[in-house]
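Chemist: Taken in order, these protein sequences are the chains called A and B.
Taken in order, the first sequence gives residues 1 to 310; the numbers are from our numbering.
Taken in order, the second sequence gives residues 1001 to 1455; the numbers are from our numbering.
Derived by calculation from the structure, the hints in this document are not laboratory data.
Please read these numbers as outputs of a predicted model, since none were measured by experiment.
Some hints could be false.
Quick list of simulated restraints, FRET-style, between CB atoms [as the list claims (entries may be wrong)]:
#1 A:Lys-201 with B:Phe-1156: 51 to 61 Å
#2 A:Arg-176 with B:Trp-1299: 51 to 61 Å
#3 B:Ala-1215 with A:Ser-54: 17 to 27 Å
#4 B:Trp-1371 with A:Thr-129: 28 to 38 Å
#5 B:Asn-1437 with A:Thr-129: 48 to 58 Å
#6 A:Glu-126 with B:Tyr-1090: 36 to 46 Å
To be clear about the criterion: a stretch of chain B counts as covered by chain A if any three or more of its residues have a C-beta under 8 Å from a C-beta of chain A, and this derived list gives those stretches [unchecked claim]:
#7 1159–1165
#8 1241–1254
#9 1308–1318
#10 1439–1453
Restricting the straight-line Cα-Cα distance to at most 27 Å, the calculated cross-link-like pairs of lysine-lysine (BS3-like) are [to be verified]:
#11 A:Lys-222 with A:Lys-244
#12 A:Lys-33 with B:Lys-1454
#13 A:Lys-230 with A:Lys-244
#14 A:Lys-230 with B:Lys-1454
#15 A:Lys-33 with A:Lys-52
#16 A:Lys-309 with A:Lys-222
Quick reminder that beta carbons are idealized off the backbone N, C-alpha and C, glycines included.
Below, each chain spelled out in residue letters.
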Amino acid sequence: MKTHRILVRQGFLLRLGLVLGLALSGGAHADLKVFACEPEWGALASAIGGDKVSVYSATTAYQDPHRIEARPSLIARARGADLLVCTGAELEIGWLPVILADAGNRAIQTGQPGQFLAADFVTLLEKPTVLDRSAGDVHAAGNPHIQTDPRNFSRVGAALAARMAALDPGEAAHYRARWADFAARWQAAIARWDAQAAPLKGVPVVVQHDAFPYLERWLGLKRVAVLEAKPGVAPSLGQLAEVKARLTATPARMVLRAAYQPARPSAWIADQARLAQVVLPFTVGGDAQSTDLFGLFDSTVARLLAGLKP
Amino acid sequence: MYRPALLAAALAAAFPAYADSDLDALRAELKDMKTAYEARIQALEVRLQQAEARTESVAAQAVQAEAAADTPTTRRSFNPDISLILQGKYAHLEDRDERFVSGFLGADAHAHGGSERGFSVDGSELVLSASVDPYFRGYLNAVLADGEVEVEEAWFQTSSLGQGLSVKGGRFRSGIGYQNEQHPHAWDFATNNLVYEVLFGEGYGQDGVQLKWLAPTDTFLELGAELGNGNAFPATNNGGNGANSVALFGHVGGDVGASNSWRAGLSWLRARPGGREFESHDVNDIEVAGDFSGKSRTWLADFVWKWAPNGNPTQQNLKFAAEYFQRKESGDLFCNTTELGSPCTGGLTAPFAADQSGFYTQAVYQFMPQWRVGYRYDQLLRGDVDFNGSDAGNTFETLADYDPRRHSLMLDYSPSEFSRLRLQYSRDEAQEGVDENQFYVQYIMSLGSHGAHKF
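Just chain A, same shape as in the assembly:
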């Protein structure tokens, strides 16, 4: 016990020494510090940067990225970041502005190269024609859940690799090479997922939150109902009953929800309308298999296919 404590203290001193040494040496190359709002962008930055970046993910797969507390720990982490990678499209509007205002970090402010918003590089779906809060928590720029289509990572990743190379010119070749390697493997993986997911084409599904339009478009899933009558507002029992009634006319095969969403609405409709319940990891870390981006889509496709089985 005692030796353990001593070892811990030595480890701490060692780390302290390292930190001080790094701070004092100044000239030594430091990692590009990435503050990722969501785990998928953290995983992408890691894939591109390898050991040249240190990545902090502000949220986990079990948190609702719309509703995050602007915790002191997030402000402290944003303070030292060289690059902020977020979804954008107003997904983080409820917490990121506070972080940016209090972090005192010029590099990651709006308009700086250190602020990278993934949604800027993707064509957004479901841009609302009428902006009114009576429609619920709508996003003016379009649906921000772009990470459910792997093809979007090709677009975002190319831009992110370029941005990382620009911010850290000394390692530009490293980022480009890693990105080229990742992009090739990613293309092959997409082809594999496309082939595996072929039976999903045209399958009618119900979704709990309107979180999967990009996934639906990619795989050709047919969304017949959304449990949340208004985005971001939990469905009432009456609204669920309405969906159930609609499903008798247009039956569906499964109901989809993200790992962070409460189980009850999905469980209720699955039981009532005899649907398969499919919990998708939604982002990296959403289940045991989703340890990286490849695992995320391996798991997503596998879980959807499992939902097809009677």
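Keeping the supplied structure of chain A fixed, place chain B upon it in accordance with the hints.
Modeler: Leaving out everything else, chain B in the frame of chain A:
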């Protein structure tokens, strides 16, 4: 390309007995066919090459476009974020001639709608904010009430200093304590706690500058200093060139696992009030008025703990907050009345010294989505208050030796993050000899792009 030649050979072999003329005609036809085929194939090859070249250039363009396309497609327009907060309440209170907090030289009843009985609309908050340019951002919070518009906050803040530094200038809510920066719509209860009520009225704000520094550590550590004109209780604006109020504060915070987060702070506020008005009545129930001049020092310790399973507060979460203060004031108190029979009759100036403290502690629990229940306990400790060489309670009834306290219980329902309805019951023992049951029904509605809330 093989097929015409093969065909010719096959035909030649199959029909050797044909007349030469027929054969020649056939050969010519075949030759024509062959050249025609070859031409078409060549044309196709050219078209294929062109197509390939075009795809490549398109792809190259796309790559270029992506590389250069830091063209933001999701930025909003130049319009500032505008939000309007509507709030009001129904209060069921007893019919009392006056309401005050016993034992304290309290802040003016500055609160926007505090003790009205029955239905009342609280001030509507209009908030505008935007980036000014790459270097500054600006913020305005104006409260609209009957016949007046009060500028609660109007400031700019640097956004490009870096190194964890930021400078704020203008009129702003001080960074001291925890609740101080929150406007009433962000409170967890329909009424203010006794600590802030007696210290600042609503919250301490002044015109001045603030310098804040965030340490480059993974644990949150923030230090701040403020200089201001002190135009709010407990300070006064003395009209000089200097700063009439100085505030220093530090906050630390962090996470414990994925589910818990906390912040703690220590703040210090120094003011030199000059002619700070007060109203009271003496022990003979004669109304007296006067002012205080001297020094005022306030220490504030604050602590907030938030729990949410896996850091996801949407289903359930718990917030615990507590703040403790100590305030020392010393100087001269002047009191006066025209009525006879009061120690203040004809005017009296005498030494005044107070050493007082208090705290509030609250817990708010969201037990299911949209529903929260909360309890708050406010307790002030009157401590020592001396006037004219003896206990101030011997002169003023309002400064009697009494420790005010209040229990509050609330239930609120938020159909969305933009609307909230609240029920509150308070047992108010803030005034000596009064033990009042208070009931409130409150609404808070925010329209427009309501900005994010702090921790």
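Chemist: Are any of the numbered hints broken by this structure? If so, which, sorted upward?
Modeler: none
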